[in-house]
Amino acid sequence: MSLKSVASTEARLAAPVVAVHKRRWIGKNFDSFLVLLPSFIAIVVFVYVFIGITLYVSLSNWRTLKPDLSIREPLLQTYADLFAAPRFQSDLRNTVVFTILFIGLSVLVGLGLAILIDHNLKQAMIPLFRNVYLFPYALSFVVTGVVWRWLFNPETGVNLFFNIFGINSLLNKLGYAPLKPGWITDPSVVLQVNGLLAKVIPGAGDISIKLGVPLALIPVALAASWQLSGFVMATYLGGMATISDEVREAALVDGATEWQVYRRIVIPMLRPVTVSVLVILLHVSLKIFDLVFTMTGVGPGFATDMPAIFVFETMFRATRYNLAAAAAVVMLIVAALIVIPYLVRSLRSEEQ
Amino acid sequence: MASQAAATISPLSSHKPSKKRFPWFSMAVLMLALIFFLLPVYVMVVNGLKDAQHVSLSTMWNLPETLGTGGFEGAWKQLSPNLLNSLLMVVPATVLSSVLGSINGYFLSKWKFRGSDALFTIILFGFFIPYQVILLPLVQFMQTIGLYGSIAGLILVHVVYGIPVTTLIFRNFYAGVANELIEAAVVDGGNKYQIFVQIMFPLALPAFVVVGIFQFTNIWNDFIFGVTIVPNPAAQPITIALNNLSGNFSVDWNVVMAGAVLAALPTAAVYVFLSRYFVRGLLAGSVKG
Numbered sequence: 001m002s003l004k005s006v007a008s009t010e011a012r013l014a015a016p017v018v019a020v021h022k023r024r025w026i027g028k029n030f031d032s033f034l035v036l037l038p039s040f041i042a043i044v045v046f047v048y049v050f051i052g053i054t055l056y057v058s059l060s061n062w063r064t065l066k067p068d069l070s071i072r073e074p075l076l077q078t079y080a081d082l083f084a085a086p087r088f089q090s091d092l093r094n095t096v097v098f099t100i101l102f103i104g105l106s107v108l109v110g111l112g113l114a115i116l117i118d119h120n121l122k123q124a125m126i127p128l129f130r131n132v133y134l135f136p137y138a139l140s141f142v143v144t145g146v147v148w149r150w151l152f153n154p155e156t157g158v159n160l161f162f163n164i165f166g167i168n169s170l171l172n173k174l175g176y177a178p179l180k181p182g183w184i185t186d187p188s189v190v191l192q193v194n195g196l197l198a199k200v201i202p203g204a205g206d207i208s209i210k211l212g213v214p215l216a217l218i219p220v221a222l223a224a225s226w227q228l229s230g231f232v233m234a235t236y237l238g239g240m241a242t243i244s245d246e247v248r249e250a251a252l253v254d255g256a257t258e259w260q261v262y263r264r265i266v267i268p269m270l271r272p273v274t275v276s277v278l279v280i281l282l283h284v285s286l287k288i289f290d291l292v293f294t295m296t297g298v299g300p301g302f303a304t305d306m307p308a309i310f311v312f313e314t315m316f317r318a319t320r321y322n323l324a325a326a327a328a329v330v331m332l333i334v335a336a337l338i339v340i341p342y343l344v345r346s347l348r349s350e351e352q
Numbered sequence: 353m354a355s356q357a358a359a360t361i362s363p364l365s366s367h368k369p370s371k372k373r374f375p376w377f378s379m380a381v382l383m384l385a386l387i388f389f390l391l392p393v394y395v396m397v398v399n400g401l402k403d404a405q406h407v408s409l410s411t412m413w414n415l416p417e418t419l420g421t422g423g424f425e426g427a428w429k430q431l432s433p434n435l436l437n438s439l440l441m442v443v444p445a446t447v448l449s450s451v452l453g454s455i456n457g458y459f460l461s462k463w464k465f466r467g468s469d470a471l472f473t474i475i476l477f478g479f480f481i482p483y484q485v486i487l488l489p490l491v492q493f494m495q496t497i498g499l500y501g502s503i504a505g506l507i508l509v510h511v512v513y514g515i516p517v518t519t520l521i522f523r524n525f526y527a528g529v530a531n532e533l534i535e536a537a538v539v540d541g542g543n544k545y546q547i548f549v550q551i552m553f554p555l556a557l558p559a560f561v562v563v564g565i566f567q568f569t570n571i572w573n574d575f576i577f578g579v580t581i582v583p584n585p586a587a588q589p590i591t592i593a594l595n596n597l598s599g600n601f602s603v604d605w606n607v608v609m610a611g612a613v614l615a616a617l618p619t620a621a622v623y624v625f626l627s628r629y630f631v632r633g634l635l636a637g638s639v640k641g
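Those sequence lines, one after another, are chains R and X.
Quick note on the numbering used here: the first sequence kicks off at 1 and runs consecutively.
Quick note on the numbering used here: the second sequence kicks off at 353 and runs consecutively.
Since the hints were derived computationally from the structure, they do not count as laboratory data.
You can take every hint at face value.
Below, computed lysine to any residue pairings styled on SDA-like, alpha-carbon distance capped at 20 Å:
no.	chain 1	residue 1	chain 2	residue 2
1	X	K544	R	N29
2	R	K287	X	P489
3	X	K544	R	D31
4	R	K210	R	Q192
5	X	K462	R	E350
6	R	K287	X	I576
7	X	K462	R	N29
8	R	K122	X	M383
9	X	K464	R	S32
10	R	K66	X	Q495
11	X	K464	R	E350
12	R	K287	R	L105
13	X	K462	R	S349
14	R	K210	R	D81
15	X	K464	R	L37
16	R	K287	X	F477
17	X	K464	R	V344
Kindly generate the complete structure, drawing on both the sequences and the hints.
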């Protein structure tokens with residue numbers, strides 16, 4: 001009762017003040033909007049209008065060099081064609097496999113190095129190690145692709161280690177053939193789950209491609225992790241620097257081991273960092289283009305093809321514009337499903 | 353004041369008490385990781401330095417047998433025009449997008465208007481789209497305005513698609529500058545434009561370094577825009593030229609490796625000399641700021 005009356009008195013007092021303040025506030029800063037207008041218009045055109053055009057093309061009959069902007073009947077036929085195409089099915093499989101390998105490796109290595117650095121190195125030593133681990137992040141994916149392509153060429157690179165370290169001469173003595181994996185030239189797909197899926201999901205038996213782990217994708221995931229695990233490490237180190245030593249020392253005094261301090265206190269406190277890292281890596285892997293394009297291209301039997309490469313080649317080489325546009329729209333939808341909740345969350349927590 | 357403002361970009365400065373010990377196992381892992389991260393760099397440099405007679409797939413890990421320019425002479429001959437193209441693209445694009453970002457960030461954080469946060473969100477979303485979804489209209493648009501196939505076209509594209517992230521980083525930076533500073537300047541009779549030019553712009557120098565490095569690296573390393581907007585090899589940036597060189601089987605392998613070093617050198621140099629700011633930009637670019 002009394003609380004209510006206090007609240008309403010406050011509301012009555014506050015209301016006119018807010019109104020006056022608000023009106024003056026809009027009027028006063030309308031010119032801020034005008035300053036932002038050129039950037040805003042550029043983004044509206046280059047992002048939103050362009051996305052609208054691509055969406056329209058994906059629904060159209062434009063299948064050759066000659067533009068044909070009539071709407072295709074039935075409306076979503078191009079999308080049906082897309083998902084029925086074995087190449088695009090391979091791309092979806094590759095994206096899932098690559099994402100799991102790449103994010104798993106990058107987070108494992110990145111977080112592991114961050115903990116080792118944080119725990120073992122003196123403050124003065126940290127930048128040296130951090131800067132070497134992070135160095136690949138400054139390079140172009142094209143440079144990485146060009147170099148790693150040779151590292152995983154079966155005739156050279158890592159395969160030479162089997163000779164250098166005597167593994168092959170040992171195998172030879174024991175009567176076995178020397179080790180010589182095909183790496184990026186190997187078309188095989190292991191751990192196939194087609195049979196399993198056909199039993200569980202009705203209709204999955206119709207999938208024409210091999211669902212499993214394409215071996216050629218593993219070197220590509222390794223190269224990508226080489227480039228980005230330093231980023232993961234630097235982000236975690238930045239987060240660890242904000243956790244006060246008092247928190248950790250209190251836990252140590254309470255009898256926790258140093259490993260428990262990380263597992264129970266530091267890593268849980270870094271949850272927001274983990275979310276950022278996962279969203280960024282997920283976003284990188286969904287869009288991945290340059291690295292794969294230069295390192296392996298589409299790979300043997302589309303073993304390393306990716307949606308981004310599919311769009312590029314279907315659009316500018318095969319000139320099947322509606323099909324390429326449909327694949328691009330699918331990429332956008334998947335990216336938006338990941339990024340929009342993250343953006344909304346970030347901006348909300350900022351307001352609080 | 354400047355240092356206080358800079359600190360809001362990222363809390364890198366930490367205060368650890370002295371570390372307890374150096375367990376040999378952890379150090380061994382850290383050292384092995386150092387080798388792992390440097391191995392591809394070693395391959396690139398060492399094989400780039402070998403001459404055409406001595407470069408062979410079976411001796412990739414060996415040091416060069418002769419001292420000389422190796423593949424660098426050939427790589428320079430092939431790639432120096434593209435290196436220049438990249439430079440002519442990256443410098444104006446970085447400067448323009450940084451200046452635009454600083455203006456946008458200032459007005460979006462210090463002189464908010466109704467809907468300014470919504471407008472910021474609309475702009476920011478542009479940072480996250482897969483560029484495949486805009487390539488076709490972009491190519492047509494560039495052809496229409498006559499910038500298709502030119503460095504100027506690439507500059508325009510990088511400036512526009514750079515707006516979201518530069519605005520984000522500067523908005524976070526200016527949000528950390530005390531409002532009292534602006535209030536004091538207003539009392540002294542300054543308007544928001546004077547305050548920007550005379551106080552905020554100079555104050556934002558650290559943020560300019562961060563954004564500048566971020567954009568320089570991103571634009572230099574770009575592949576997708578260069579390869580779609582500039583089909584003419586003579587006008588292409590170095591990343592695209594390097595990819596063409598690498599796919600050309602008549603080119604010697606040492607030349608490709610030397611070319612990779614050339615393409616990596618500018619961003620690597622920026623990284624080595626300004627790594628502190630590089631790390632800040634990386635943390636600022638991960639949205640949360």
